[in-house]
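Please assemble the complex out of the two chains, which come individually in their own frames, going by the hints.
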Amino acid sequence: MQPILEVKDLSISFTQYGRGTKQVLLPVIQDLSLTIAPGQVVAVVGSSGSGKSLLAHGILGILPYNSHMAGEITFLGQPLTPQRAAAVRGKEIVLVPQGVTYLDPLMKVGPQIRKGRRDQAAKAASRAVLERYGLGTDTEERYPFELSGGMARRVLIATAAAATPKLVIADEPTPGLDARSAKRVLSHFRELADGGAGVLLITHDLELALTISHRVAVFYAGETVEEANAADFTAGKLRHPYTRALWNALPQNGFVPIPGAQPGPGQVGEGCPFAPRCPKGRPECLGPVPYRALDGGLVRCLYPEGGERP
Amino acid sequence: MSLEAKQLTFGYRRKGKEPVLEGIDLTLEPGERLGLAGPSGRGKTTLCKLLAGYERPDSGLVLVDGRPLKAYRGICPVQMIWQHPETAVDPLMKLGDTLKEGGPVEEGLLEALHIQPAWLERYPTELSGGELQRFCIARALRPGVRYLLCDEVSAMLDLITQAQIWTFLLDQAERRNLGLLIVSHNSPLMERLCTRVQTLA
Ligand code: SF4
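From first to last, the protein sequence lines stand for chains Z and Y.
Note that this note's numbering gives residue 138 to position 138 of the first sequence, counting from 1, and the numbers run on in steps of one.
Note that this note's numbering gives residue 145 to position 145 of the second sequence, counting from 1, and the numbers run on in steps of one.
Among the clues, some could well be false.
In the DSS-like style, the derived pairs of lysine-lysine whose C-alpha atoms are separated by at most 30 Å in a straight line are [as the list claims (entries may be wrong)]:
(1) Z:Lys183 x Y:Lys49
(2) Y:Lys100 x Y:Lys70
(3) Z:Lys22 x Y:Lys94
Hints in this document: simulated from the structure, not taken from any laboratory.
The shape of chain Y in the complex, shown without the other chains (with noise of 0.2 Å):
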């Protein structure tokens, strides 16, 4: 059981480019919080969009428990959480109807995101990032999901919010057995979070 990357490449097709990944192997177990460090450029948000299915790899394959990603149907059981949560969702829906598309919300999750009952009737614009990215949150964390890729998912957010958010984050990978995928330029928040790091070179 585990999310697997195995001799993942990949490179934005254009004349004379080296690939941006090659030959990226990886391994997420339930459970664990596995850190993704390296400077910007190196390809880690592009891996994490390889790993949910955003994008499709060059060569190499993508293994969840198992199955390669693209035989699994429904809900994909990787999802990804971004670092921009207003461009994570339609700008033109009401939040309460973006939530809805991916099924019904666990009881619970909106007050334990402290998402108020009245933010399911606005648009994201009227919203800030940080009520943006508990939505996001509490769409990524369906029944079957098996593991989260965090991408800088508080980078933009203020110190409080961040501390609440990952400590929401921790209970629930604790309580599901999920495995976290953790991308962060903030080493302090990398240590705290993190069971293993990798580091892209």
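Isolated chain Z, as found in the complex (with noise of 0.2 Å):
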């Protein structure tokens, strides 16, 4: 089948003024390569302030000037240039965004759904949109700052739905939720994979995550390090010492903290950016480690964990 959204090699950075007028050049995203296929939800982990809403906005083709992007993004088997995502944007292509305050606070959530048409049709499909969501035909009357954050989040959905998309990108869709509602947030946009669209989940929640994810590609200083199947996690057949780290530090699986701190951008040296923290780090992984196939998923190691129960 063929896929939904390729991005292969895809690297983002910023320049920003040094000392002096020295411009920098600041990477935030590195090699990130990941496939979505119809009726998959692949989700993409990593620390809040990360950078990793970038690779929605690169997708998109809204990053700022000052911005650089290379690699290869590919939508529907073709090349998405930025003209072509100017032109799907919104349409084949949407974006969830992460705060309430996308939604025009001015305007009642029943136009903002219709995009300002009026018509007996647009009026009937949005009300359809609002009743899947379970919300009130009374929403459509309401503005903003009247929903609760639940309510707000599946206004976002119910927006992004009204189009039809192929490709669903989910940026945070889950803050400040609590469990009940989170969970209500995230099954719609399995929903969405279920009628046969692609869904991008970028989320700092890994939990949530595997509630509906298919793959989880996890995230760390700007690569990523490892993509699994979201069955490996409960199976105990992570590959990467950082994706183990993360879920042994889970509340209920041990809490255990590792020390240290993730590298922000520009703080990232030579060879494998989890090296400072590896408990199994040796001289080589400070030289070149490529992303490559193990067991089924991707693994961004020199000596990856092998398979084995933790």
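Below, the structure is given as structure tokens:
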């Protein structure tokens, strides 16, 4: 089956002014690769502020002017050029943004979903879409500030779903929601995938990501260090030492912190970015570390864990 | 000895609205880790603000070890740590100065929190959420502090930072015999941390 989205060796960096007039190039994403098939939810899990949201902006072609992007993005078999991205944005590719601040605070919900159309068909469609997301018809008459966090998220999803997209990109859709609302919001993304769309879920919440995703790509210091099947987590089949450390830090799995902190953009040295914190690190890890296939997944590590139980 | 809420009622005064909190009773003992559960919008953050003295109740009382909260002068014995540390620090002040505002910091505390000396010279926007949260915790842990209110303090942090910060807080709470009030949406986390849970229905 033709993938919906293929990202190959994507790198995004920013030009910044250092001391004086010297320009420095700050790499934020390096060599990121992933593939999303129809009906699949693929999660990119990384900590807040690690730059993973830029992946969404890169795909949508809405990166800021001082950024540089390299690598290949293919959408439905064709290269996703900036022109094409602009043409499909909001139609075949939709973003469900992180903040409810993306809703127009001065416009009632109904008109926002209908994007200004006023005909009967548009009204019927917006009503149907609200109902599908468990929002009463009275929601149409409300302003964004009158919605709870969970409702506002569902309005954002309803707005996205109304475009019948092929690819849905969800950027941190759950912070601030209680467990029930968060699960509900995520289940709607799964429904969109079950309907044939591809879903890219960008989140810091590994646990929630695992509840709906087929594949999980783990993002560390600007790189994807592992891509695994969701089932690999519970089966103890994790490949990268960082992924394993994440899993072991979950409150229900031991709550064990490893020391140190993730390096920010511009603080990454040569070789493996996890080396300063890795219990298995060796001198070779400071050289090039390729991203390679292992046991049904991908890993960027010279001495990966070989499928044994933790 | 305890932090007590007696019949707290509070409403952001809006016409025709029900009060946010009505007749809330709560007791937090030193050494105890009390979880506060309940769906969003039931006033968990508001209750924390009342307990820490950031808001005044419409009626009811907050008592700290038997004395009304407002009778305390100087550093409040009840300190709150917020979900969004970036909103809890002055954006125009270097973090070292923010820390000094509350008096000298105990020796060894910055090391234990993995706060690097260079960060003291930085402004809040130059640090990550996890780094800032460490500052907010250092600021809250003053000698006279008896109770810590932790409102979703790790919700925005990655799992490893979350485990680091809680391991630190649990250790400090035990050493200082602090009472912790813990608000979180994450039920495995609550199960792990709390000795008791009270639900705001
Ligand atoms: S490449 Fe080396 S340092 Fe990096 S994760 Fe693998 S073993 Fe650890």
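Structure-based check of each hint:
| no. | hint | result |
| --- | --- | --- |
| 1 | Z:Lys183 x Y:Lys49 | holds, 28 Å |
| 2 | Y:Lys100 x Y:Lys70 | holds, 24 Å |
| 3 | Z:Lys22 x Y:Lys94 | holds, 25 Å |
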